[in-house]
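The task is simple: from the sequences and hints, build the whole structure.
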Amino acid sequence: MDTGFSPGHGARGPSAVRLVWIYPDLLSTYGDRGNLLVLARRARLRGIPVEIAEVNSDQRVPADGDIYLLGGGEDLPQILAARRLQASGGMSAAVNRGAVVLAVCAGYQIVGTEFGGVEGEPVPGLGLIDIRSGRGERRGVGEITADVDPALGVQRLTGFENHQGNTWRGPDVKPLATVLTGVGNGDGTEGAYSGRIVGTYLHGPALVRNPSLADLLLSWVVGPLPPIDPRQEDLVQTLRRERLAATPAPS
Amino acid sequence: MSTSSPPSRRTGLPLRARLATTVGGAAGRASRLAGRGDGSVIGGVIGLRLKPDLLSLLARGRQIVLVTGTNGKTTTTRLITAAIGTLGQQIASNAFGANMEAGLVSALARAPEATLAVLEVDEKYLPAMLEVTGARVVTLLNLSRDQMDRAAEIWLLARRWRAALAAADCRVIANADDPLVAWAAGQSRKVTWVAAGQRWHDDSWCCPNCGSHLRRDGEDWHCGECPNRRPPVSWVLAGNEVIDPTGRSRPLDLILPGRANRSNAVVALAVADVFGVGVTAALNAIAQVRSVAGRYTHVERHGCDLRLLLAKNPAGWLEALDVLVPAPVPVMLAVNAQIPDGRDTSWLWDVDYRRLRGRPVFVTGERRTDLAVRLEADEVAFRVVGSVDEAIEQSRSPSMEVIANYTAFQQIRATLGRTA
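Going down the list, the protein sequences come from chains A and B. Here the working numbering runs 1261 ahead of the position in the first sequence, where the first position is 1. Here the working numbering runs 477 ahead of the position in the second sequence, where the first position is 1.
One thing to keep in mind: the hints can contain errors.
[Claimed, not checked] In silico DMTMM-like links for lysine to aspartate or glutamate, alpha-carbon gap of 25 angstroms or less:
1) B:601 / B:530
2) B:601 / A:1380
3) B:601 / A:1398
4) B:667 / B:721
5) B:667 / B:696
6) B:601 / B:679
7) B:601 / A:1404
8) B:667 / B:646
9) B:601 / B:630
[As the list claims (entries may be wrong)] Here chain B is said to cover these stretches of chain A; the calculated rule only asks that three of the stretch's residues, wherever they fall, bring their Cβ under 8 angstroms from a Cβ of chain B:
10) 1286-1295
11) 1298-1305
12) 1328-1337
13) 1461-1467
No lab work stands behind these hints, which were simulated from the structure alone. Heads up, the beta-carbon is just placed ideally off N, CA and C, and yes, glycines get one too.
Okay, structure coming up:
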């Protein structure tokens, strides 16, 4: 068994969901820890124990995680992270076993085949999903809302984006959502998914305002989820309503 | 030609520049009288419209210190002004934090006779302001994530600093403990390195020079793959003491609280040294500074002693949480996301709020729901309130700590009156 997991509040055991946060030292530009905290909270509220591994770039990536989280990063850390992940191999092995990946912003670009470097030159990605990214004409900065592929059963996405990337999908990769407000992939779509890999340009704590996306990832690991006590959902739903109301979609 | 007295600095300006500063000054006074801000920007805006090169004209013939960085600009500007003030000369300064071109113009126009100026500069404007003012000294405090919706990427910012400083003939006072700052100053011809510390490490794990992983051992750092390393320092912040270049250490008994302010003080001492102000005299002046543009101010409100702390980004929140008086004194947190704050509240998730557990916490501001969700995730109990008065009423406490980000802080000060 791989090492590196520390138990959360729940008991340690084989039934625990194992969350792996990849390289918080490099891929955590703006609040990326939020995704880890939201997944852990929503699992625990349902009585599902959680184990967490925060793996810095000088550590080995465990191959036995259930959900891998990759966050945002500036050009240099992004390139270094891609290089280290290629050398480490742990995450690719986990993906081959069916592990779940949530890749945000720079992390989204890294899991594809190629992304743009400091001067826009192509840099090889991990190739876990058939997408390719490059530098767009202008920086997409602001609130983003997007309607998720109905096949996933996830509510409208609300988040903040801050990137200058464009992303193109191969034939077997579907867009995660259709943009209502914002830039996303640059072609009217936002994010991508293939198998259990989900990528998005909603940066930083993307799951905070999108609890149903968090639940989708958890359900891919543990199966159908029991509902959460509505009192524990109150604030998050208020936040969703506030943000969606503040970002009216063009009619 | 008169030899009896030097020509007035102001009358030495071309006619149009004189007109521009006069009209601008009148507008600033009008703005203050109308209660619309402290009048430090509007005058400069009007002056620049009349005379676009006004700042370089106003800067001419003065010895200018520029102060920049993500956190501590306003405080350090104040500390440097206090230290250099011991020379007994008039000093121009944008003491209230108006740190873009119009704010600099207003500061210089208000003090036409001052031959010294200490000016804080928004970190994004440093290259342009350095060129325009021909500053003698540039002070670099730190660089970390802040208002990322406007700043894009901080490494790009550091790269622009590096190019601008390499081309300039100025003395750079730089924090050697911040790898991004050290790299930005690395090609300057004259640098005084200060070990001012770095509490927040999470924007500098990557070598800014080559992109490899930086290795850290305490405050020391070096790159594993290129020659980039922490430069040798001449001033050191060591706990509660400052060690000067001769190796002598002195206690830093400041009125201002916290590690961040001791760090700012050491940087200010290094700047004062450039102007020939001795450490003892400078330190005496710095130690007396009590509050800076409302920050750290105590305000009495309905029988409650409020202390106001400003925190604008994760590194700033870390330092602010460090200086809180212990439980059970209640804490009010206020967060907005207007343009000066950054429209994006993602940074809330970079702050570890768990240390607020077990004390009364009140949450307010325009983005109080974002903050509430954040505290809920950290299992911090809190109450949402609409105003500082509501928090005072509910807490029934004789004192309360208030931490707010930029526009939330200004709103609270407005509520409390300009005395704050």
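Evaluated hints:
no.: 1; hint: B:601 / B:530; verdict: 19 angstroms, holds
no.: 2; hint: B:601 / A:1380; verdict: 21 angstroms, holds
no.: 3; hint: B:601 / A:1398; verdict: 22 angstroms, holds
no.: 4; hint: B:667 / B:721; verdict: 18 angstroms, holds
no.: 5; hint: B:667 / B:696; verdict: 23 angstroms, holds
no.: 6; hint: B:601 / B:679; verdict: 20 angstroms, holds
no.: 7; hint: B:601 / A:1404; verdict: 23 angstroms, holds
no.: 8; hint: B:667 / B:646; verdict: 8 angstroms, holds
no.: 9; hint: B:601 / B:630; verdict: 11 angstroms, holds
no.: 10; hint: 1286-1295; verdict: holds (count 9)
no.: 11; hint: 1298-1305; verdict: holds (count 3)
no.: 12; hint: 1328-1337; verdict: holds (count 3)
no.: 13; hint: 1461-1467; verdict: holds (count 3)
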